[in-house]
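Enquirer: Spelled out from the first residue to the last, the chains are:
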Amino acid sequence: MQTEEAIIHKLAEKFSILKDKLYVQRSKRIISEFLTREEFEQVLPYLRDKMGFYRASHVVGTDEGEDLGFIYLLTNDEGIILALKEKAPKSDPKISSLSGDYPSLEFHERELVSLFGAEVEGLPAGPSYPLPDGWPEGNYPLRKEWNPEYFDQNTMTYNPPIDDKEKEGGKK
Amino acid sequence: MSEYNRVVIPIGPQHPSLKEPGCFTVTLDGEKIVDVVVGIGYNHRGLEKACESRNYIQIIYLLERICGICSHTHTTAFCQGVEELAGISIPRRAAYIRVIVAEIERLHSHLLWLGVAAHEIGFDTMFMYAWRDREAVLDILAAVGGNRVNYGINTIGGVRRDIDDSLRQDILKMTDALQEQVKYYQELALTETTLAARLAGIGKLSGEDALKYGAVGPVIRASGIDFDIRAVDPYAVYAEIPFKVITDTHADVFGRTVVRILELLESIEIIRFCIKNMPDGDIVTKAPRRIPAGEVISRTEAPRGEDIHYIRSNGTERPDRVRVRAPSEANWHAMRHMLLGQYLADAPITIAAIDPCFSCTDRAIVINSGRETELMDWPRLRQYSIDWYKKRGIDVASIKIPERRMYF
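Protein sequences, first through last, are from chains E and W.
Number 136 in my numbering belongs to position 136 of the first sequence; there are no gaps in the numbering.
Number 1033 in my numbering belongs to position 33 of the second sequence; there are no gaps in the numbering.
Think of the hints as simulated: they come from the structure by calculation, not from any bench.
A quick note: this is a predicted structure, and the numbers were derived from the prediction, not measured.
Where a beta carbon is used, it is the ideal one built from N, C-alpha and C, also for glycine.
Hints may contain errors.
[Said to hold, decoys possible] With a straight-line Cα cutoff of 30 Å, these simulated DSS-like cross-link-like pairs (lysine-lysine) come out:
1. E:K28 x W:K1212
2. W:K1212 x E:K144
3. E:K28 x W:K1032
4. E:K50 x W:K1212
5. E:K28 x W:K1286
[As the list claims (entries may be wrong)] With the Cβ distance kept under 8 Å, some of the chain W side facing chain E (calculated, not the full set):
6. G1039
7. V1232
8. Y1235
9. N1314
[As the list claims (entries may be wrong)] Label pairs and their computed distance ranges (CB to CB):
10. E:E121 x W:S1002: 48 to 54 Å
11. E:K94 x W:D1280: 42 to 48 Å
12. W:D1280 x E:P127: 53 to 59 Å
13. E:E33 x W:S1002: 31 to 37 Å
14. E:E121 x W:D1035: 23 to 29 Å
15. E:Y54 x W:R1006: 57 to 63 Å
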């Protein structure tokens, strides 16, 4: 059985980019700082294949201002959750789909597309989830700038005041 | 069979096997399922966005309404996450009460499932037995929290209601009566050949696939994997309660039935232990309104499996981000795999066997802001519904009801 500290030590030894970027939040919880897409994709296969984090419980989308955040909750057989974070700029929100290696992430990745406007490359074709049919394109409700008060449910249109429109709130 | 002879059937979205919305587009080759598209999301109404504009106390009531069946588990996951962010420990008595209510909730949820599953396979006698027994559990929940669902027990820093001696005795009486019934269901499940014949081999999911597709709760435990958050990552006072993690190796709907029935017996023992060992003392400790900045991943073992709440605070009275990964949301990924190669007739019970909660999946919520709060008794509620239809052009009083036909 590996302790949380031993896992961090081993990862930091293997990947210099992870030095000081992982911490034990509490027992059974390891949380990382945000990594770039390249860094994330470098670390993930090792975590999955060599460190026993072969299960994925979830991916949480977050709004990080100019960027979108993606927090992958990976678990091992000891029940330790390692929250590995990746971020991508809102102007080019591309990430790779992990649903090939972690089929348990497919619906959650569809959520990232619908609710945050992420572009998940390699996500298999399938129905959008969870927004309804006819949801207007370019509206991503979980981005901070998207205000539900401006959304008209009857016409399914987003009508921000002129000032907000100029800021292109919530739209690509 | 030629590909052109294949038939595509949409099962749902109106009530596919359960009284909740989901759509399963099934492609058939004869009677066998060769492809499935799982369509969910019909209940999504923006709960996470709503959390960002409410304070932590308001959110408890919001999250309690994610699900009418496992409401307590969601508030437990949320409250313990916020308590961790605030750096406060709840009184031990409060932790015991959280566990007692959680296990009574598990009894209610598993009995509900047992009834639904029995109904799906045409075993309506068992459906009525299970739901009759569930009534006794709901009566206890109503006595504990004042409501049959959404008991309003949890708050940040502990619980809102105590369990006094008289109520403790009532709970013990209920568990005694229920234990006898559950033992009967156990015997029935293990010896009634028609039940086994109908459920065995249906919705197969190996342990390896259960892990791969991220299954949780009784679904993964019925595939032989002893994954239970109460044991893997104990919260409240589970670390000091002796209990068994129930597993089964049938890896099918029959196994899921056995696991849930045995878990009922285990929950009864946990409740008895807590009633006997709960300490005296306070039930709540003071918690700050502003929660220090940080992030937390809180999880509980809901009746349907692992419930994860991700909470990020920013030092204010409102969180920056709340994300709920309910257990049903995890179990959908394995559904396509479980249905492929099955007969169409087995689809309803296979879907029902994960005990899906579509509201949990989609985290539904309806908020009517700006309306005065009103407590309605039964006659007032009835009148409200009549008026509601009248406003929409339907006068219920004018509908002619045909004379009742007598069959015997």
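Enquirer: A separate judgement is required for each hint: does it hold in the structure or not?
Expert: Hints and how they fare:
1. E:K28 x W:K1212: Holds - the C-alpha atoms of W:K1212 and E:K28 are around 21 Å apart, at most 30 Å.
2. W:K1212 x E:K144: violated (33 Å)
3. E:K28 x W:K1032: violated (44 Å)
4. E:K50 x W:K1212: This hinted pair holds, its Cα atoms lying about 16 Å apart.
5. E:K28 x W:K1286: holds (27 Å)
6. G1039: This hint holds: W:G1039 lies near chain E, its Cβ roughly 5 Å from the closest one there, short of 8 Å.
7. V1232: With a minimum Cβ separation of about 4 Å from chain E (threshold 8 Å), the hint on W:V1232 holds.
8. Y1235: violated (11 Å)
9. N1314: violated (12 Å)
10. E:E121 x W:S1002: 48 to 54 Å: Between E:E121 and W:S1002, where Cβ atoms are some 35 Å apart, the hint is violated.
11. E:K94 x W:D1280: 42 to 48 Å: 58 Å Cβ-Cβ, so the 42 to 48 Å window is violated.
12. W:D1280 x E:P127: 53 to 59 Å: holds (54 Å)
13. E:E33 x W:S1002: 31 to 37 Å: At roughly 56 Å between Cβ atoms, W:S1002 and E:E33 fall outside 31 to 37 Å, so the hint is violated.
14. E:E121 x W:D1035: 23 to 29 Å: holds (24 Å)
15. E:Y54 x W:R1006: 57 to 63 Å: Between E:Y54 and W:R1006, where Cβ atoms are some 35 Å apart, the hint is violated.
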